[in-house]
Amino acid sequence: MMLIKIAWRNIWRNTSRSLTILIAIMIGLAAALMASAFSMGFVQQRFNNVIERFVSHIQIHNPEFVHDGEVYQYLDKPQKLLQSLSQIPEIKYFTERTKINGMIASAKVSAGVQITGIKPEAEQRLTDLKGWLTKGTYFEDVKRNPVYIGQELANKLKVDVGSRVVINFQDLDGDITAASFKVVGIFKTIELAFDEGTVFVRRSDLNSLLGDEALTHEIALILNDFNQTTTVKNQLQQQFPAYEVRSWENLSEELLMMQEMTTQSLIFLVFIILLGLGFGILNTMLMSVFERTRELGMLIAVGMSKMHVFRMIMLETLFLSFTGAITGMLSGFLLISWLGTKGINLAGLAGDSLAIYGYGNMIYPDLEPQFYFQTAIMVLLIAVLSALYPAFKALKLVPAEAVRKE
Amino acid sequence: MAVIETIGLTKIYNETIVPVKALHEVDLSFDQGEFTSIVGPSGSGKTTLLNMLGGLDKPSSGQILINRKDITTLKERQLTNFRLQHIGFVFQSYNLIPVLTAIENVSFIMLLQKHSRKKIDQRAREILEQVGLGDRLNARPSQLSGGQQQRVAVARALASRPDFVLADEPTANLDTQSAFNLLDIMEKLNREENITLIFSTHDQRVIERARRVITLVDGAVAGDEKRQQ
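Residue numbers (the numbering used here), protein chains in the order written: chain H, 1 to 406; chain R, 1 to 229.
Calculated directly from the structure, the hints in this document are not laboratory data.
Hints are not guaranteed to be accurate.
[As the list claims (entries may be wrong)] Below 27 Å or equal to it, Euclidean Cα-Cα: the simulated DSS-like pairs (lysine-lysine) are:
#	chain 1	residue 1	chain 2	residue 2
1	R	58	H	393
2	R	114	H	306
3	R	75	H	405
4	H	143	H	158
5	H	92	H	77
6	H	5	R	119
7	H	5	H	306
8	H	396	R	58
9	H	396	R	75
10	R	69	R	58
11	R	118	H	5
12	H	130	H	156
13	R	58	H	405
14	H	182	H	143
15	H	5	R	114
16	H	306	R	119
17	R	69	H	306
18	H	158	H	108
19	R	114	H	396
20	H	135	H	119
21	R	21	H	405
22	H	188	H	158
23	R	75	H	393
24	R	21	H	396
25	H	306	R	75
26	R	58	H	306
27	R	114	R	75
28	H	143	H	156
29	H	108	H	156
Build the full structure now, drawing on both the sequences and the hints.
Below is the structure:
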């Protein structure tokens, strides 16, 4: 107990020096956490966008459709599957989609697009398609062949809400079919390529043109708990081996890789920052040991074991590090919580350029609790490493010489 | 009965390079309750002798018997524990722990000795009263004068009732009045508690009070005078 008291008070003997290193640890750690939270928020935003825009948590396809994406590679007899999906409690919503490739043409320009037939009402529960609407309506008040297109495509085709476009595609018999659609709504996501290359029509309209009212290429579903994705995916795959069941991890491998790489690189970044701070701590403690040579010599002379002296120096270093670490982590946490709600708007810095890469301008910093835990472990590791050298220096003191040191 | 006995105590520094003989065949014995000054010019071996007696340094040859136990054979850890249990130290520069109060400084060694809290507190207050600092129990060293700090150091050295106290020039940094006060206190404690005191000093004020004066010259005992007081 006395050792703890001495160690704690020793930290505050040179207040300005201790405060300097404490503030350095605090700012360094808070900045490292904030930078990490910003990067994680950036990745999370991309992740949410992808999931919300269209991927959902799990998708089910004909295995061949996954590779070729041909119109005839639809889900064979999906009734039993649909019935099962409605009985699995972990599944929140699901919807069927028809997906084909084709051409869209206005009076002046044509372009290749992916045509997705959706059930507008059901789709709303899964994705935020309606939320991206910037002009017109989301399949409302139009009786025949409405189409919902992206802003970029509208610009390219030089069309607006109310304009007519012609969509060409291959039907189930292999014949080219064309139909006139009316632009009812224009959407704008944060990814320009998506806005330019995807159009949405009613599944019923598309299926009747394709010649099969029940045609389904894709079933997308979201779960009540995102963390159940792998379990539900495996369960479905086992139950329906004829279909290919894929989770968002399979559907967006780059997203998963990006998430993992970001986490790894951020831990490395924090470690490097902490390593730098560790040298600061080491320097402070070495100075402290050298300044107190006579005092430490006296302690050994009067009967304090060298192990006690070693522990005292270790304790001082750990107290110093942890005081800085706790205040740093707390400051970082408060800053992240505040900005996590308020968001950071990069519009002034980046303009629309982030949209080219599929990112929005608003970033909401976010950090998982385990990242704080990992950081705390690293602080402990660095603090112990920084403490060892000064503590060993203290061990080597010869009391007879040390007590006379000026 | 001799508390301390040295037999053929020799210390040679830099034995393999340029040997410097700091102590040569010193045979001394100190009885319980003695008040001894070790005097001699600079470089005569006073500090080396005190270091040897305190187990802070090892002799090149010879024996140091404390209560008939040869401490030269002890390992470092045993020696540290031996110092803790049997020897009190008073240093020239007080060497108090600056972050602890007077009472905490005095209690410190007794805590290392693992006495009970109650006993430690009682003894620390008692000894600080004896050195005239009963009203400065919670003052830190920086709040005390040099003389007061040295009195705390004396209280610390005596609190655990060691077999003997080694004081290395304890009055060197004190003014005359503080030095006399300190000597009065040490003399009183020496008489009352029968603690053996061994000073290394140049200070005539200390030498005059000592009941035994050992003179060292070039590492050897040149004189050993016992006085009646």
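Query raised in the report: Failing hints, ascending?
Result: none
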